[in-house]
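*Asks:* Each chain, written out:
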Amino acid sequence: MKTFKLGGVHPPENKLSEKAPIEVLPLPSVVSIPLSQHLGAPASPVVAKGDKVKAGQLIAKGAGFISANIHSSASGTVAKIDDMPDSSGYRKKSIVINVEGDEWEEGIDLGSELIRECSLNPQEITAKVNEKGIVGMGGATFPSHVKLMVPPGKKAEVLIINGVECEPYLTSDHRLMLEKADEMLVGITIQMKALGVSKAIIGIENNKPDAIAHLKNKVKDYPGISVEALKVKYPQGGEKQLIKALINREVPSGKLPIEVGAVVHNVGTAFAVYEAVQKNKPLVERVVTVTGKNLKKPSNFLARIGTPVSALIEAAGGLPTDTGKVVNGGPMMGKAITSLEVPVTKGTSGILIFPEREAARKPVQNCIRCARCLNVCPMGLEPYLLSVLADRKRLEDCEAERIMDCIECGSCLYICPSGRPLLDQIRVGKAEVGNMIRKRSQH
Amino acid sequence: MSLLTVSGSPHVHDSQSVSKIMYGVVYSLIPAMLVSFYFFGLAAILLTLTAVISCMAVEYVIQKYLMKGPVTVFDGSAIITGILLAFNVPANLPLWMVVIGSAVAIGMGKMTFGGLGKNPFNPALVGRVFLMISFPVHMTNYPKPTAFSTQLTDIVTGPTPLAIMKESLQKGESVAEIIPQIPQYAQLFLGHMGGSMGEISAIAILLGGLFMAYKKLITWHIPVAYLGTVLAFTGIFWLIDPGYHFNPLYHLLSGGLMLGAVYMATDMVTSPMSPLGMLIFGIGCGVLTVVIRMFGAYPEGVAFSILIMNAFVPLINRGIKPKRFGEEVKNG
Ligand code: SF4
Ligand code: SF4
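So the protein lines, in turn, are chains S and G.
Residues in the first sequence are numbered from 123 upward in steps of one, following my numbering.
Residues in the second sequence are numbered from 8 upward in steps of one, following my numbering.
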């Protein structure tokens with residue numbers, strides 16, 4: 123079975139919610155929609171306090187090429203446009219809407235009937251994806267229309283669809299593949315058309331045999347699309363690792379996948395593209411896994427963007443009393459949140475609840491030079507060395523040791539028996555080296 | 008609800024810890040320890056206990072009263088140093104010398120550099136070499152293995168097979184004349200030979216090595232490179248002149264080579280980080296060992312070879328980088 127070659131770890135999978143069908147979460151009474159839910163510039167609001175809005179209505183316009191439109195996820199009145207805490211811990215400008223009823227913008231098809239034919243040309247598809255505010259749903263939230271436009275001089279050969287879901291605990295992509303396979307496959311077909319490629323490969327890790335079987339059966343009706351089972355290994359969902367696993371090409375340091383003729387999209391993004399292009403529906407809701415060992419009812423919810431995390435936890439049986447940490451995203455790359463009132467955003471794939479005893483890290487001890495961090499690094503870096511160099515602010519050395527190649531997958535910190543804060547220090551170092559490089563290019 | 012913990016990702020961690028790794032090594036040493044208890048009896052037991060207890064005591068005193076930092080004597084690393092030091096000296100070495108050796112191993116070999124993980128040289132070997140230089144007579148006075156000995160004095164001693172080989176060759180005897188004076192392969196393999204306490208049984212050491220590899224405490228690179236180099240190097244000499252040079256198997260199974268290749272050279276703190284670096288390190292150890300055995304003043308060269316290569320580790324780590332992702336672009 124295929125997988126990537128270099129490094130990788132295998133944390134306990136804990137897919138507690140894999141059997142829980144996607145449930146529609148009831149509308150909350152207030153939604154708080156941040157203007158920056160994507161990589162790139164924040165969107166600028168086009169509504170004002172007191173305005174009446176409908177679900178699916180544009181409320182903020184993407185500012186520039188790498189940015190994304192934002193639509194209201196509910197109908198109601200704009201209560202305020204103000205700085206609100208988001209899952210990153212910072213306060214970000216958000217549009218807060220008091221929900222009244224559930225009235226949708228005209229022209230949005232809310233029916234469940236599958237529409238297979240798409241008559242739009244590639245430019246029109248990309249424009250639609252842009253207009254509907256679609257971003258990468260795997261967590262990176264890179265605006266999708268940008269990834270559907272092949273830069274001049276480059277050629278896309280294959281579309282790679284990420285159904286790996288290599289993060290432990292998370293199951294939202296898994297459920298989507300089982301429950302929305304046709305919509306997703308139409309979405310993939312549309313993306314293939316936009317990119318002008320005749321081939322798409324869906325990579326799925328082998329711990330989801332039902333999804334693999336289901337899709338293998340379904341793709342027979344969709345020419346050019348194939349399904350590949352992959353050996354379970356983290357971080358297989360990393361773009362570079364997935365490309366390596368599926369087509370055995372290595373994206374060079376500092377380059378994008380298109381360099382090797384590949385474009386990678388997540389299964390959730392393919393589904394969102396379907397809804398945008400075929401149903402005219404903007405990205406205003408997403409599947410969120412709510413899970414944790416002591417949670418009563420680990421679930422997968424279809425939640426409106428802007429719903430407070432507390433509402434999802436309530437619907438999953440309430441916050442366990444021994445909760446020590448709540449994470450937005452998966453256990454390997456997710457961010458710990460400080461407040462349960464932060465909203466679900468376009469990039470929220472899961473809410474993970476850790477009991478107190480699992481919230482703390484191992485005590486930090488001396489590095490015993492066991493080389494485990496180096497052996498698991500999927501980028502072939504030396505985390506023990508990078509962390510020391512970063513800590514000593516030896517930025518030139520950090521750069522020479524290719525700190526910018528680090529994909530922040532956390533494998534090094536996961537494996538270190540001494541509990542060294544490897545990735546913490548590398549992250550700081552990366553940011554500083556990034557600044558240094560930017561300054562240099564300005565001179 | 009109490010306050011939520013906030014820390015950077017990842018939020019899950021492997022269950023491996025420093026002390027689990029160290030105790031894993033301790034457990035892997037048990038077969039070799041039992042063999043030496045069998046052949047050297049009570050003396051070996053006392054020796055091991057003395058070495059382990061003094062190593063831990065020295066570490067405790069230094070951590071508590073000199074460094075005034077956290078005390079980590081129970082993380083298992085001092086126990087390993089103690090056992091390995093005992094393994095590297097003759098079983099009947101006076102116990103007070105063992106105490107001095109332990110103090111040097113831990114004090115000079117480990118704590119002066121800042122403790123576990125910071126020492127460039129293998130502490131047990133530092134202790135051994137110190138004892139070799141300070142007490143050369145006692146350190147080369149090897150007891151003859153006898154089953155279940157409870158004797159502590161008047162033990163029959165004799166030279167190690169390597170010493171016999173070296174001296175006899177220097178006296179001008181041929182290999183054919185020397186062979187009857189030294190143990191056979193099977194005896195070497197099981198441990199029926201004169202030597203340091205823990206180096207005698209190849210099979211017990213290999214067993215421990217396999218256990219460590221299975222538990223992912225060591226990788227194959229260093230032992231294979233080390234033993235392979237010795238085999239190849241001595242094999243070439245043997246093929247050229249079997250009348251003057253010993254069969255490479257003899258080199259492999261005698262002296263401290265097995266112990267050195269499996270336990271001393273693989274010490275993670277003092278060996279290179281990358282697989283290629285480990286191979287280079289192992290080959291270096293092998294070449295130096297053969298050179299010392301064949302041309303040096305001492306019959307055995309394992310300890311010196313490893314210590315010399317320890318000194319090269321920072322250089323190896325700087326020069327040999329792991330294969331980076333996206334480095335060799337062989338696309339297609
Ligand atoms: S976080 Fe960075 S340094 Fe650590 S294993 Fe992942 S890529 Fe390597
Ligand atoms: S995994 Fe931790 S202890 Fe091992 S070499 Fe890396 S930093 Fe050091």
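I should point out that these hints are in silico values taken from the structure, not numbers from a laboratory.
All values reported here derive from a predicted model rather than from experimental measurement.
Each hint should be verified, as a subset may be incorrect.
[What the hints assert, rightly or not] Below, simulated PhoX-like cross-link-like pairs (lysine-lysine); rule was C-alpha separation at most 20 Å, straight line: (1) G:Lys-27 to S:Lys-127; (2) S:Lys-127 to G:Lys-223; (3) G:Lys-328 to S:Lys-484; (4) S:Lys-202 to S:Lys-174.
[What the hints assert, rightly or not] To give a feel for the contact side, a few chain G residues facing chain S, derived at Cβ under 10 Å: (5) Leu-102; (6) Gln-191; (7) Gly-291; (8) Phe-332.
No residue lacks a Cβ here, since even glycine has one placed at the ideal position from N, Cα and C.
*Asks:* Determine for every hint whether it applies to the structure shown.
*Replies:* We went through each hint and held it up to the structure:
no.	hint	result
1	G:Lys-27 to S:Lys-127	28 Å, violated
2	S:Lys-127 to G:Lys-223	19 Å, holds
3	G:Lys-328 to S:Lys-484	28 Å, violated
4	S:Lys-202 to S:Lys-174	12 Å, holds
5	Leu-102	30 Å, violated
6	Gln-191	39 Å, violated
7	Gly-291	18 Å, violated
8	Phe-332	4 Å, holds
This entry does not satisfy hints 1, 3, 5, 6, 7, going by the numbered hints stated previously.
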